[in-house]
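*Asks:* From first to last, the protein sequence lines stand for chains A and B. Sequence positions in the first sequence follow our numbering and run 161 to 340. Sequence positions in the second sequence follow our numbering and run 161 to 340.
Don't read these hints as lab results, they were simulated from the structure. Predicted, not measured: the structure shown is a model, and the values here were computed from it. Treat the hints loosely; a few may be bogus.
Treat identical chains as interchangeable: a pair holds within one or across any two.
[Unchecked claim] Dumping the calculated SDA-like pairs for lysine to any residue here, alpha-carbon to alpha-carbon at most 25 Å:
#1 K202 x A267
#2 K247 x Q219
#3 K247 x T171
#4 K317 x K327
#5 K240 x R260
#6 K245 x L335
Chain by chain, the residues run as shown.
Number of protein chains: 2
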Amino acid sequence: MVTPSSDSDLTRIMLGVNESSIKGYPHASISSKSAFDWTLKKIIRSNTTGFKLLFLHVQVPDEDAFDEVDSIYASPEDFKDASHKDKIRGSHLLEYFVKRSHEIGVACEAWIKKGDPKEVICHEVKRVQPDLLVLGNRGLGPFQRVFVGTVSEFCVKHCECPVVTIKRSADETPLDPVDD
Amino acid sequence: MVTPSSDSDLTRIMLGVNESSIKGYPHASISSKSAFDWTLKKIIRSNTTGFKLLFLHVQVPDEDAFDEVDSIYASPEDFKDASHKDKIRGSHLLEYFVKRSHEIGVACEAWIKKGDPKEVICHEVKRVQPDLLVLGNRGLGPFQRVFVGTVSEFCVKHCECPVVTIKRSADETPLDPVDD
C-alpha cells in the first residue's frame, strides 16, 4: 500500500464496530456501517493516503452462554474452545471493514477486546490516542434510551479525544429501533 | 478559486465561532481557533478543494448595554447605531476565519445571527444542513459547567447533524478556565 506520509502524520480515526442484532453473525450492525460509510464519504473522500482507520470491536462476555447447547463447559478445555469461537466470530466481523478499507486504499488496523463496550472504548482511546472517534448510534428516543443505554453518550462525555456519533438514516432503521 | 466539484459534492463543515472573553475585540476565542485549526489539520488536510467551511457567529443581545457609556439610547437612531456597531464587531471576527480559509484555498461562507447561541446554532443546522458541526469547548469541569452552561453539550444532544466538540489544549487554557 502507498503510504507517502509516516503513521504519525496521518489522521487516525478510531471506529467502534459491532455485530448486527437482527441479521446475525457475522454481519456488521446498521449503525456501524453507517458510521464507516459516513467517514469514507464525508471525511476521507478522495484523500485515501491521509488517513488511517482503527477498528475496535468490543465483545461483551456472554451471560447467556450456559443456555446455549454448544457452550456447556465440562472441562478447562471447553473454556479455551469458547474463547476461540468468540475470536473467530469477531474476526469475521472485522474482516468486512478491513477488506473494504483495503479495496479503497485506506490504511487500517483492527482488533478485538472483551468487556463493557463504553469502558473498553474509552480505555483504548487513552491508550491509542486517535485524532477522532466515530461511533454509530441507533438514534433512540429518550424512552428507549433509558432501557438500552447508549455507549456513544458515555464516550462523548468521557473519552479523551473528539467524538462524533453518526445516526442511522431513517430508511435504514428497522421497525423496532432497538434492533441494529 | 478552483472548485472542481459542485457545492453539493463538497463536505460542508459548519463552525460556530465567538469572540475571546479575555483578549477582547476583535480576537477569536481560544476554543474557536482550536476548533478551526483541528478541522484544517485533521480533517481537511491537503484536500482543500473537497470541503466548504461555514462560519456562524451568534451575537448574544447585550443585557448590560445600558451600563456602557456608548450604549445609551436617546433616540430610535441610537438603536440603529448600536446594531451597526455589533455588525462591524462581528464582521471583524469573521474576517479572521474567512481570510485564513482563503489563504489556504478552502471555500467558505460566514454570517452573523443574533440570539441564544445554542438555539440559533441548532436552528441554522436545520436550515443549512451541514455534514458536520464543529464546536470549540473550554473543557470545563462539572462544577464550572453548572454555572457557565455549555453550548456544545446542548448542540450534541439537539442538532440534526453529526457534532464534534474540540477542547482547548492544556497549554492554551488560561488560569481561569472560564476565560476563553
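*Asks:* None of the hints should be skipped; say for each whether it holds.
*Replies:* Hints, one by one, checked against the model:
Taking identical chains as interchangeable, the C-alpha atoms of K202 and A267 lie at most 25 Å apart whether they share a chain (17 Å) or sit on different chains (16 Å). Taking CA atoms no more than 25 Å apart as the test, K247 paired with Q219 passes inside one copy only; the shortest distance there is 9 Å, against 54 Å between copies. In this homomeric assembly, K247 and T171 never come within 25 Å of each other (Cα to Cα): the closest approach is 28 Å inside a single copy and 37 Å across copies. Proximity of K317 and K327 under a CA criterion of 25 Å is satisfied in both settings, with 17 Å inside one chain copy and 12 Å between copies.
Taking the closest pair of Cα atoms, K240 and R260 never come within 25 Å of each other, the shortest separation being 31 Å inside a single copy and 58 Å across copies. In this homomeric assembly, K245 and L335 never come within 25 Å of each other (Cα to Cα): the closest approach is 31 Å inside a single copy and 53 Å across copies.
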